[in-house]
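A.B. asks: Here is how the chains run, residue by residue.
2 protein chains.
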Amino acid sequence: MFQTFETTSNPAAGAARLAMLRAELARRGLDGFLIPRADAYQGEYVAPRDERLQWLTGFTGSAGFCVVLPDVAGVFIDGRYRTQVKSQVDLARFTPVNWPETWPGDWIAGHLDRGTIGFDPWLHSEDEIARLKETAGSGITLLPVDGNPVDAIWQDQPGPPQGRAFAHPVALAGESGAAKRARLAAVLRAEGQHAAVLTLPDSLCWLLNIRGADVPRNPVLHGYGILHDDARVSLFADPAKFDAATRAHLGPEVALAPPDAFPAALDALTGPVRLDRSFAPVALRQRLEAAGIAIVWGDDPCRLPKACKTEAEIAATRGAHLRDGAAMVEFLCWLDTEAPKARLTEIDVVRALEGFRRATNALHDISFDTICGAGPHGAVIHYRVTEGTNRRLGRDELLLVDSGGQYVDGTTDITRTIALGDPGDQARMAFTRVLQGMIAISRARFPRGLAGRDLDPLARAALWLAGQDYDHGTGHGVGAFLSVHEGPQRISRLSEVPLEPGMILSNEPGYYREGQFGIRIENLIVVQAAPDLPGGDDRRQYCFETLTFVPIDRRLIDVAMLSPGERTWLNAYHAETLAKLSPRLSAGARAWLEQAAAPL
Amino acid sequence: MFQTFETTSNPAAGAARLAMLRAELARRGLDGFLIPRADAYQGEYVAPRDERLQWLTGFTGSAGFCVVLPDVAGVFIDGRYRTQVKSQVDLARFTPVNWPETWPGDWIAGHLDRGTIGFDPWLHSEDEIARLKETAGSGITLLPVDGNPVDAIWQDQPGPPQGRAFAHPVALAGESGAAKRARLAAVLRAEGQHAAVLTLPDSLCWLLNIRGADVPRNPVLHGYGILHDDARVSLFADPAKFDAATRAHLGPEVALAPPDAFPAALDALTGPVRLDRSFAPVALRQRLEAAGIAIVWGDDPCRLPKACKTEAEIAATRGAHLRDGAAMVEFLCWLDTEAPKARLTEIDVVRALEGFRRATNALHDISFDTICGAGPHGAVIHYRVTEGTNRRLGRDELLLVDSGGQYVDGTTDITRTIALGDPGDQARMAFTRVLQGMIAISRARFPRGLAGRDLDPLARAALWLAGQDYDHGTGHGVGAFLSVHEGPQRISRLSEVPLEPGMILSNEPGYYREGQFGIRIENLIVVQAAPDLPGGDDRRQYCFETLTFVPIDRRLIDVAMLSPGERTWLNAYHAETLAKLSPRLSAGARAWLEQAAAPL
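So the protein sequences, as listed, match chains E and Y.
Per the working numbering, the first sequence starts with residue 1, numbered consecutively.
Per the working numbering, the second sequence starts with residue 601, numbered consecutively.
Among these hints, one or two may not hold up.
Stated by the list, open to error - A short list of chain Y residues far from chain E (calculated; beta carbon distances all over 10 Å): (1) Ile895; (2) Thr945; (3) Gly955; (4) Arg992; (5) Ala1066.
Stated by the list, open to error - One-sided and incomplete, this derived list gives chain E residues near chain Y with beta-carbon spacing under 7 Å: (6) Pro457; (7) Ala461; (8) Asp469; (9) His472; (10) Gly536; (11) Asp537; (12) Arg539; (13) Val559; (14) Ser563.
Said to hold, decoys possible - Just some of the chain E residues that point at chain Y, by a computed CB distance under 10 Å: (15) Ala240; (16) Ala430; (17) Asp456; (18) Leu458; (19) Arg460; (20) Ala466; (21) Tyr511; (22) Arg513; (23) Gly515; (24) Pro531; (25) Leu533; (26) Arg554; (27) Ile557; (28) Met561; (29) Pro564.
These are computed hints drawn from the structure, not numbers from a lab.
The structure displayed is predicted, hence computed values, not measured ones.
The C-beta atom is built at its ideal place from N, Cα and C for all residues, glycine as well.
Could you build the full structure based on these sequences and the hints that come with them?
C.D. replies: This is the structure we're talking about:
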């Protein structure tokens, strides 16, 4: 099993560790310190040595941070973690703070008039510190410190991850690393920049056509890179992670050096050097400034090209989705057989699903810890079942299962909401509205130049009409055997990035009724140039190709609510699912799929 | 008749006038000059004395400008006027330039390396000149000049308009002028501004609860105002326009002075003074700067409050729409009787429609020149019929009629597209898609904080699915017995202004097939707080109340394309139309409406 179910939090250790940290801060003349969840790569998953927030506070969420002051320590958590944090931290020592409703700067101003608050300049981006400075009072100094004070007191802190890097073949990538570097170097030259510093692990892996194993779930390497304007790359990562074959794959234009050579390499640059304000650690700006090198703030040059997948990446991803879809259908068939016996728990379901994916003999990892919420647990948007929360599947309720796989040919992410018995009309009507939103995105055609923001309302309009909505984006970017959450593409009210061909996105509207049920339906889709239509204008439009083929629970659809076009789309989707997956299924699953994909 | 049908353009005069202007420019040492359509109030309609662009070039469109250089004179026109301009200007002297595809600065750079181009600082906003300077070459100087050179050579130029101002009663406005001024003055004080200069006629009329008659179609006064931070207003307009009753209505806090007292009044201000970059003439900035008065760029303080109508304005507007709707139904009934006789022309239709509105005995003016396009003329988005273009209504085609009335209780704007015989399946399917978009906006509920940009895609999604779209916004703001086009509210890809209760907007998706037909369906709607729904979340949403009640041509609807919700909405709309209008109709029109509003 990749996924584990233990309760990893240890609130009891918090008091002593907090006292040690305050002593360490006092020794350094600091009044406070920031402890983010993030590591030096701003990734969603961090290595054990970077779990400083969890080690200090006990909080295990995937986002949040702690601000330690002399008399109070605030743990800032967003809406997903309001309940969880209360059971994970020692509430006598740590104060949960609702974020972003309360800004850390404002909160600090409420507890401290004057003082110096330290931060580790490797763990915060320029943007993040700038926002903090804007709201903190004028008596507060934010001071970057050398050496993280948490590391100084964390005696059994693990070492850096040592995952092996490996080649990602050009047959899957669709473009050689040399070709990628050549076109990005041309961009740097055109903009008069001599180099760009790359700090995002998926950018680096994409540019070099390699993958790594330094964190769970995302097959990335921890390291930094410098892309020079002559298309050479200096790569700073532990050479022990690279075997001879992988070194050969990097090619002669990529110079591998150990991480401790990185600062001197920065000093040796001649500017201007491009840095990304949103992701590059403050420490890089400090180092370049100290060396007198001009900085140009600009986007990580790999981020947008990486998001626009090649034909080869899309073709490979289609294959990964069919493999994953067949595993999902085996799972759904099994679930329909086992659930009525009323013995299954959420953990049983997660185990079974991972088993069906493993049975493909191609599973590299799961792409994130499966979210499996029965009944009221479905309403906890990022629910992760543990032995402590595990729930037996009930009768006449909904089961929400959000999961995915990492395969060398693609990354999947799929949510299905399944009827256990008869969950009632309220759930059925809400499910149908969520489905209408999901179909609206799936079948959308739209003018070139629109951003995710412009399409987001199409996914919500049916829910809005019923006075309902969901408090998350409609879709996130997805990598090609890379991070299951990647930027810059999104379908979200916040996203102004124009959608471009090759961008893979999730399409996952939902609806949540706290304490009762949760609904989410998710397929992955890829932006494509839309084919001309008879009777259509001469307009160059885009559309989405659906990548995910797994049936949507017909028992939860109120057919009378659907428009003719919605019904046609769903029947065509189910027919295509049946045609694509049948050859890959066991006899039992094939029979199950035939009824699950029957026309409405 | 308000509307006239003559061809007002005189291309033959252009050559001599252009030569005179170039001589005048040479006398002043200028290499070129800008002649905008706009007047000193940046209004959509201008007085005869401000028709400088038409006088010089012959071009009569509602937007555009001319750039006169030594060897070339460019007439910049947008997509609506590409054809029209060619028949209106002397093409040997004037060169049509596609705008905004070609920026005037770039165009100037292509024709003139170095030189001084004059402009009248009363006719251009700060924003407009700034944009021009950005693109013009470094050898080009843009020079504000005293005294417009066109006025200097235009011997029979009319004088300024002398329309009488009149009171707009508080019973219709819902808030006294004094109360409006008090709340805006409080805003100025809170922002540390001593005064705001008001240059938009509808802002001034709204603030003072008056109306005017200085331009056609929009009941506005030409004048400038200074709102002081103590809630007094200095009003600069021809005192002859004000009779004793209107002066009394202004009240003691409003000091009326002739326009030539305005510059000295500016000099006497103590800053900071608020000016709107988008609308205030450059001349104001010059004058204040010369007097050493600090300027703060900010929105015209009346614009947003004016857009959010009071309960009284909304109630009055509802009444205006029922009156106007009854006139429209009489018209549509007449049209259905007369059109099959195959004798009607577009001008006959416009005359008849204005007649039905006049028969209400309440018509103050039409709110714009009626757009009445039969067959292929329907595809000309801003078609204005003249004796030269007048077309006989054909068989088996569409007729598009976009019109409105100015009543003292409200401004209307409605488009209906009518079947003349059987216009065919392509037209019927496109009509149905346009209707689906119009219904999507009409019945939308949406979260507070969304802008028109966020809703615009809902109006287009059905067309997009067929590879179709329309090249105009979905909706514009509408005033309350004020301008039929008002800001800042819009439903458009370009509008980031959050929608707020009381904003009146048009909802007018369309579809146009050049040379064949045009379709547009338009109702006015007003933003309201949405009522709670059973089963809905505890979310504060907004919705639109429909103001326009006139049937939509059922003969053009492909019922099989509609969703259950769309069909329910349309039947409810028609039932409400029948209930509201029947008591106001002639017997013949009532019978006609009963079949036109029958359920689908």
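A.B. asks: Look at each hint and say if it fits the structure.
C.D. replies: Status of the hints after comparison with the structure:
| no. | hint | in the structure |
| --- | --- | --- |
| 1 | Ile895 | holds (26 Å) |
| 2 | Thr945 | holds (30 Å) |
| 3 | Gly955 | holds (37 Å) |
| 4 | Arg992 | holds (28 Å) |
| 5 | Ala1066 | violated (6 Å) |
| 6 | Pro457 | holds (5 Å) |
| 7 | Ala461 | holds (6 Å) |
| 8 | Asp469 | holds (6 Å) |
| 9 | His472 | violated (14 Å) |
| 10 | Gly536 | holds (2 Å) |
| 11 | Asp537 | holds (5 Å) |
| 12 | Arg539 | holds (6 Å) |
| 13 | Val559 | violated (10 Å) |
| 14 | Ser563 | holds (3 Å) |
| 15 | Ala240 | violated (51 Å) |
| 16 | Ala430 | holds (8 Å) |
| 17 | Asp456 | holds (8 Å) |
| 18 | Leu458 | holds (6 Å) |
| 19 | Arg460 | holds (8 Å) |
| 20 | Ala466 | holds (6 Å) |
| 21 | Tyr511 | holds (9 Å) |
| 22 | Arg513 | holds (8 Å) |
| 23 | Gly515 | violated (13 Å) |
| 24 | Pro531 | holds (9 Å) |
| 25 | Leu533 | holds (4 Å) |
| 26 | Arg554 | violated (18 Å) |
| 27 | Ile557 | violated (14 Å) |
| 28 | Met561 | holds (7 Å) |
| 29 | Pro564 | holds (6 Å) |
In this structure, the hints that do not hold are numbers 5, 9, 13, 15, 23, 26, 27, in rising order.
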